[in-house]
Amino acid sequence: MENFTNETIDITALPKFEEVQFNLLHPNYWKVKLINWFLVFLILGVGMASGFFFIEEWSEFQSEIIIAFVVLLFLFIFFSRLSFRKKGFAFRNHDVLFRHGIIATSTIVIPYNRVQHVALHEGLISRYFGLATIEIFTAGGNSSDIEIPGIEKEQAENIKQLLMGKIQKQL
Numbered sequence: 001m002e003n004f005t006n007e008t009i010d011i012t013a014l015p016k017f018e019e020v021q022f023n024l025l026h027p028n029y030w031k032v033k034l035i036n037w038f039l040v041f042l043i044l045g046v047g048m049a050s051g052f053f054f055i056e057e058w059s060e061f062q063s064e065i066i067i068a069f070v071v072l073l074f075l076f077i078f079f080s081r082l083s084f085r086k087k088g089f090a091f092r093n094h095d096v097l098f099r100h101g102i103i104a105t106s107t108i109v110i111p112y113n114r115v116q117h118v119a120l121h122e123g124l125i126s127r128y129f130g131l132a133t134i135e136i137f138t139a140g141g142n143s144s145d146i147e148i149p150g151i152e153k154e155q156a157e158n159i160k161q162l163l164m165g166k167i168q169k170q171l
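Residue 49 in the working numbering sits at position 49 of the sequence shown, with consecutive numbering throughout.
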């Protein structure tokens, strides 16, 4: 019979993910985001303009509504830019890391032995810029655990192959 031991771990000797050098999203991904938001705000602007035409009560507050719309647009773009600059990813020997957040930064760490599925997606605008999104799934969820956008397509395919190789080694 073996003697059971349960030694205390020196937490100061644990690897620190904070010291990892994160890869930033591709700069063209910011252009993709701007184009997507332009299309969304264009549709909202057309809807708002038609509201001015069809809803009489709006016409007396037209300038206030337009100013509020423009201010919200600039705030949205400002905070989105901050968010874009803080996002990063890293692949280590045993896990993948993804960092995001504006005020509070979150870092998701997923060990390779938990990865069950990897997907690569290209949107219409992302494809034009040669970018893709990697989605990493673990057990027990309908959605991905990590979604890393703004990666060059060739690099994204290499990452997918790396992760698929890690999954195959587990089987």
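Treat the hints with caution; some may be incorrect.
[Said to hold, decoys possible] Under the rule of at most 30 Å between Cα atoms (straight-line distance), these lysine-lysine pairs were calculated in the DSSO-like manner: (1) Lys86 to Lys160; (2) Lys86 to Lys166; (3) Lys33 to Lys160; (4) Lys153 to Lys169.
Keep in mind that the hints were calculated from the coordinates and are not lab data.
Given the proposed pairing of Lys153 with Lys169, does the C-alpha separation stay at or below 30 Å? 24 Å, holds
Has the given pair, Lys33 with Lys160, been kept, meaning a C-alpha gap of at most 30 Å? Holds: Lys33 and Lys160 sit about 23 Å apart, inside 30 Å.
For Lys86 and Lys160, compute the direct alpha-carbon distance and say whether it is at most 30 Å. Holds - the C-alpha atoms of Lys160 and Lys86 are around 23 Å apart, at most 30 Å.
Holds or violated: Lys86 with Lys166, Cα cutoff 30 Å? 27 Å, holds
Going through the hint list in order, the structure satisfies each hint without exception.
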